[in-house]
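So the sequences go chain by chain: Y, F and Z. Its first residue numbered 1277, the first sequence is counted upward by one per residue in this note's numbering. Its first residue numbered 5, the second sequence is counted upward by one per residue in this note's numbering. Its first residue numbered 3, the third sequence is counted upward by one per residue in this note's numbering.
A portion of the hints provided could be inaccurate.
Short, incomplete list of chain Y residues facing chain Z, as computed with Cβ under 8 Å [to be verified]:
| hint | residue |
| --- | --- |
| 1 | R1280 |
| 2 | Q1345 |
| 3 | F1374 |
| 4 | R1395 |
When the alpha-carbon atoms are kept at most 16 Å apart in a straight line, the in silico EDC-like pairs for lysine to aspartate or glutamate are as follows [said to hold, decoys possible]:
| hint | chain 1 | residue 1 | chain 2 | residue 2 |
| --- | --- | --- | --- | --- |
| 5 | Z | K4 | Y | D1279 |
| 6 | F | K431 | F | D204 |
| 7 | F | K173 | F | D145 |
| 8 | F | K173 | Z | D125 |
| 9 | F | K490 | F | D414 |
| 10 | F | K412 | F | E336 |
These stretches of chain F come out as covered by chain Y in the derived footprint (C-beta under 8 Å, 3 or more residues) [unchecked claim]:
| hint | segment |
| --- | --- |
| 11 | 69 to 76 |
| 12 | 206 to 214 |
The set of hints was computed from the structure by calculation and includes no laboratory data. Quick reminder that beta carbons are idealized off the backbone N, C-alpha and C, glycines included.
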Amino acid sequence: MADRLNLHLSFNGGRIELDLDPRTTLLDALREHTLLTGTKKGCDQGQCGACTVHVDGLRVLSCLTLAAQVESREVTTIEGLTQPDGTLHAVQAAFVEFDAFQCGYCTPGQIMSAVACIREGHTGSDEDIREYMSGNLCRCGAYPHIVTAVRTAAARLQGSKV
Amino acid sequence: MNDVFNPKLQRRTLLKTAAAGSAVAYAGLAFNPLTGEAAPLVAKDLNGSVGEPAVRQDGGLKVSGQARYAIEHAIEGMLYGVAVQSTIPAGRITAIDTQAASNAPGVVAIYTHLNPLAINPATPFIKGGAATENFTPLQDDVVRWNGQHIALVVAQTFEQATEAANLVKVSYAATPAIIDPDDSRAKAQPIDDLQARWGDAPAALASAAVRVEGVYTTPREYNVPMEPHACIAHWQNEKLTVYESSQWVGGARNVIAQWMGLEMGSVRVVSPFVGGGFGCKVAPHPHVAMACSAARLLGRPLKVALTRAQTFTSYGGRPRTGQRLALGATREGMLLSVVHDGWNETAIDDTHLEPSTSVTALMYATPNMLARHSIIPVNTVNPGWMRAPGENISTYALETAMDELAVKLDLDPIELRLRNWAAQDPKANIPWTSRRLREAYAAGANAFGWSERNPKPRSMRQGRELIGWGMAAGTYPVWRTPGEAKIVIHRDGRIEVLSAGTDLGTGTYTILAQTAAEVLDVPTRSVKVSLGDTDLPRAPIAGGSQLANNLTGAVYAAAKLARSELIRVATRDPKSPLHGMVAANLVFKNGRIKPSQRPGEGISFGDLLAALGKERFEISADTFKAGATEADRHAAAHGFSQMQLPTTGGVSAHSWGAHFV
Amino acid sequence: MKAFDYVRATDVAHARQQAGQPDTRFLAGGTTLLDLMKCSVERPSRLVDVTHLQGLSEIDVASGQIDIGALAKMSQVAADVRIQQHAPVISEALWRAASPQLRNMASIGGNLMQRTRCTYFRDPAAYPQCNKRAPGSGCAALEGINRNHAVLGTSPDCIAIYPGDLAIALVAFDATILIAGATQRQVLADDFYRLPGTRPDIEHDLAPGEMIVGIQIPQSASLERSHYLKVRDRASYEFAAASAAVGIELEKDGRTLKAVRIAMGGVGTKPWRARAVEQALVGKVFDEDVIRKASTLAVEGAQAREHNGFKITLAPRVVARALMTVGGLA
């Protein structure tokens, strides 16, 4: 039994080669092995959404994904959302503008989920936003501001008047 | 006085005022319930100063994933520890087989009560320390609750430690456990300090014309912050640094120092970002003791994170409670008697108080009161603090009972409360500092159109759903602890505020920047706040809703002192371009000190420092009373002895609110 | 998790050959398997990653039937406009399940294999007595906290609920499951799921080395007019307290029921087809009183434990409400 797999991974457009225990989740590959700690571990069992990242553009839970499964796939994390010059993505900016967080621990997962939610076309109404963001828990209770931030960012990205 | 606050107010008049308020609110105006006037909200230039909307100072870091929480650090040589917990609620461990676990790949060490970790007891806060539980893990073979730590497995990687922990085999000799507070073997212990008693409440209840009585129970409630408890313990010679998710680095340092048998000065606790606490991160919990002790033995940094499941038994949340509450009143709704008996479960050998009597004795005027509280030890993890411990459950029972009394009296619930207005603290018999509860009732009634409400239960529906419409009052005491803060002004113009206080999403980073910015007249975003490190100026607990008050006070004092010091050196130091000017003629404007009467740009803080040949300007201040000793200052940051009660000073200080649903 | 070998399957034959070895599991989305591996319920020595297999993610709506590949994602199928139009119950059952992230990960094949959420099953360290994990060891749920346990299809050995949603719709509409084994075979969804009986460890009609490759749903008027109602403690991201997949076809008079399909979730040890209710309704006038009366037959034979009796009251109401909704009465 191989206790290490040699994996060629792609995080935020950057290629990285890691020798990992096959049991290593994508979440721990990010947090423990590449120090991309922006993605958070809230439950490690797929129940809170704090670990949400994009794999080939789709939002998924990195805690229930093995690192081995994302070889040859593009992984985008919260760190990859900000421009190299520090410019925030419209969703990140909206979260700051509308105070859509308190402790900040659910926030990267919320933002990654929201970016995908907008791309999926699931922000047509506040009910839609609440339903399609339901996979992201927030114990500080920032939900109302999160809905406002997502709605506003969606409108801006889609070029509508806010 | 406006009729709104007349206790004998007729319902019709109250509703008329409420209707007027509602109409005004919809027009986007502000309604003054005292005068009945409506006025437009004032628009201002927004600088993010105190009283204005401001974005959070830490927002940029949080939304870009750059804020580092407790275990988000890599330290060379770091190992991973995973806790193993008991699976029976009471008894003894008869055997722990660690053979398979020890042989698992990557395992470095396994600690149990047979291979124990050196952990000294830490003083619980109810005995003058800062710990929230008396349990020290791995010190004996006794199992006190289901989910108690009984081993720590350390390995090279998280995956290896997790699997090895799974291979540990434990045998127990179980003894009968007490799980249910209703168990006949469970023994209630009355807590006399929590009693409130005046008059003869049982007799007055018996003779009251109208009575309601109910039993109110609440289940366990867990804090469940999004960030599970986790820490890194890092020894460097005999100095220990702990990266710990903490609401109070000073208290954490106190507890950790006791556990490890160190002077506090040898312990540093770092917690700049906390992923939620809600009361469960005010003190480090026993897994931190295991992490620190194991790291010391191994001579390696050690990361120990609780699994989400483990967070439900590694420390406690709000305990299960029960209350029997009876109210007696006249037919006009004047309270004659309150008889209240409550209890909370606690650990079988530890004490947590969740006082059901907190609010009963405060909220309403009554000539007769008997409120008592007990604890009932059962085999559970010691409960802990969670969002208004005591007030939460006390208000629930009392306000529900008042609601039921209102129905029985056929009286408006707000009116019932107004009729039993407590003009001063009924328990301490001293004046309130302020009590704008009647304004809160009126504002809520106005905003929610209370006049539309049909008071008959089950009378309102929307489609297939019954609609309820109610209100309740709430209160929370004002706790105060003196604190310290430091402001640093740099030659390059940077302004910093430094404090060991924590921000767990509460906004400390931002309000301290706003406070300093307002006094120094600089944009809020130009003030950088550093928090959550015992190397920074000492600060009290972020708990009991007091930190904002404590720290803004200290920062305000430091900023005022900085102002006067800047003026002093600006006018007195020969190297200063403003040398010789009269202090009273100088103003602070947008980061510069300038003459108020004459034209000219004045000088920026940085340029002033440069002219004086200084790199930086440090000002420390605090809110301690004159004569406070170094021991007092130390105590304020590391324990509760300096914390003032709501009644300190002969006035009773609480916040008051009304909740409309 | 126990250490395992990780293998990527190159084609179905390779996948099957690997899976035929002992202690081996297919890995697609991983949303059930990895979760149970973290709980130490599943402890495979080998994982066969099938996510790179080609040709198993298609959705085909030909005349008469709907074909969905086993590796199609839940989110992909839920969003497919042809599914939304011709089999709304399937789209609804899918998008009301789990969370958006989980639906992007989970495959249709994996979703069918989803295992129970029974808290005793999921906690081997604390509860060694679990007949589903270890036949003959006992069942901690019988005298434990059983609020979320089954009232239909139970045995003295096991009362664990089948927690999924899609399979409820498949069972209601006589879908078949396509299996690649020694031979290619098809089995009715209702027959694919096993009652616990004395062997609660055997949940599916799937032999070692066999692999689900797709599902097939016959089209019908009642499938076109179908609906999934999921009643639960939370509005979203929560398993069913009771659910119903229903479909109706009315006669030309617009009032009389020509065909009706009903299956329930959240109440049985397997998806529960409510044939007695269907039979009681065919030929009847579609109105609330008739529906409510017939729906009481949905829980014939139900057995409550200490905490789950509410499901016997709730399930018929959920069936009735789902029927009324799809028929425009609610």
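Hint by hint, here is what the structure shows:
1. Residue-level restraint check for R1280(Y) is violated (minimum Cβ-Cβ distance to chain Z is 11 Å; threshold 8 Å).
2. Restraint check, Q1345(Y) versus chain Z: the minimum CB separation of about 6 Å is within 8 Å; hint holds.
3. Look at F1374(Y): its Cβ only gets to about 21 Å from chain Z, farther than 8 Å, so that hint breaks.
4. At about 11 Å, the closest approach between the beta carbon of R1395(Y) and any beta carbon in chain Z exceeds 8 Å, and the interface hint on this residue is violated.
5. In summary, the hint linking K4(Z) to D1279(Y) is supported, as the alpha carbons are separated by about 11 Å, within the 16 Å threshold.
6. Between the alpha carbons of K431(F) and D204(F) the distance comes to roughly 15 Å, so the proposed pair stays at or under 16 Å and holds.
7. Of the supplied pair hints, the one linking K173(F) and D145(F) holds, its CA atoms being roughly 14 Å apart against a limit of 16 Å.
8. About 15 Å separates the Cα atoms of K173(F) and D125(Z), which keeps this hinted pair within 16 Å; it holds.
9. Under the criterion of a C-alpha separation no larger than 16 Å, the hint pairing K490(F) with D414(F) is inconsistent with the structure, at around 57 Å.
10. Note on K412(F) and E336(F): the hinted pairing holds, with a Cα-Cα distance of about 11 Å set against a maximum of 16 Å.
11. Coverage of the segment 69 to 76 of chain F by chain Y holds [criterion: at least 3 residues with CB-CB distance below 8 Å; count 6].
12. By the rule of at least three residues with a Cβ nearer than 8 Å to a Cβ of chain Y, the coverage given for the segment 206 to 214 of chain F is violated, with 0 such residues.
When the structure is compared with the earlier hints, violations turn up for hints 1, 3, 4, 9, 12 and for no others.
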